[in-house]
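Colleague: Each chain, letter by letter, is given below.
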Amino acid sequence: MTALTAAATGWYVYGVVGGDAAVELARDLRGVAAERVRIVEHGSLGAIVSEVPLDEFGEEALPERLNDRGWLERNARAHEDVLQDFAASTAVVPLRFGTIYRDPTAVTALLTERADAFAASLEHVRGRVELGVKAWTDRGAPAARPRGAAELRATGRSYLEERLHEREAAARAGAKRFEIVQAAHERLLALAVDGVVNRPQPRELTGRAEEMVLNAAYLVPAGDSSLAREVALLDAEGRDAGISFELTGPWPPHNFVDEQVDRP
Amino acid sequence: MSAVANRRPLEEQVTLLELVDRVLNKGIVLSGDITLSVAGVDLVYVGLRVLLASVGTFDRLANEGAS
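Quick note, the sequences are listed as chains A and B, same order.
In this text, residue positions in the first sequence follow numbering that gives the first Met the number 0: the first is 0, and each later residue adds one.
In this text, residue positions in the second sequence follow numbering that gives the first Met the number 0: the first is 0, and each later residue adds one.
FYI, nobody ran anything at the bench for these hints, they're computed from the structure.
Possibly wrong hints are sitting among the right ones.
[Claimed, not checked] To give a feel for the contact side, a few chain A residues facing chain B, derived at Cβ under 8 angstroms:
#1 E72
#2 A75
#3 T247
#4 V256
[Claimed, not checked] If you want the footprint, here are the derived chain A segments under chain B, 3+ residues with CB under 8 angstroms:
#5 90-104
#6 199-212
Just so it is clear, CB atoms sit at the ideal spot from N, CA and C, and this is done for glycine as well.
Chain A with its partners taken away, still in its complex shape (with noise of 0.2 angstroms):
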């Protein structure tokens, strides 16, 4: 039984693409567990798939395996980069990590019954990339001082008075911070094909002084630079505000694949 265990192997499948040309494109390619990379074909479509160790990658070792740092940068990085080898060339439905099946005949289902909704979800990012926006804010920094002994002597009235102007200023402040951010995401959005804003990163993960203040997504046309030219506006522009803006990407659009598919 044991040993029956750890030689059975499951399917892992790291997105969908066209079925042409994908084959060829796998090939040589390691993925996940450092597998070979394989296409399942059905139809016009094609799931990438690895076949991968249960031992490693079942339902009881996986939540197990993903609280090991080294296991999950080495795979997490591995699933991307299946991806990014594929999106070079064609579209690509990512899916989220982890989604294993049994065999090839669970995916072929897979490919039948969502066939529709895959074949929307490709064109919706056909010759499309997703690039990634953050903005940060030094928040407080410019306004904050010393806690000295004139705050520690200054009392009742005027003491109140003061930290009642400091939290009005901080206010003002906050309320000027979030409308530079929201005109942001208007502008890069005008520029996009489609955009999302996701929750932004808490400092204890991202581990930077300045507080993420925008996390958001754009899917625009492959080559098409006039976003990334607007994010470095946008950064000069944001510099008196102490707010910064970075880009990433380009990504295969993890942000943009959702509504088609993600309903049974």
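With chain A held as given, fit chain B onto it using these hints.
Modeller: Chain B only, in chain A's frame:
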């Protein structure tokens, strides 16, 4: 492998957080045969647990994520 040589330098610099935020948190969510029970879990928060120094921080983030 030739595929590795073709990858752009930018990817080499992509932080684990950037990567996890997309690879584990985005993309289409399908219930694979094997991952059926895992799919109920917010994978990104499972993954991010390893990036956090304290479990207390993780629990707070997980709660925020669930709300």
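Colleague: Please go over all the hints and tell whether each is borne out by the structure.
Modeller: Comparing the hints with the structure gives:
1. E72: holds (5 angstroms)
2. A75: Holds. Min distance 5 angstroms.
3. T247: holds (6 angstroms)
4. V256: This hint holds: V256(A) lies near chain B, its Cβ roughly 5 angstroms from the closest one there, short of 8 angstroms.
5. 90-104: holds (count 10)
6. 199-212: holds (count 5)
The structure shown violates none of the earlier numbered hints.
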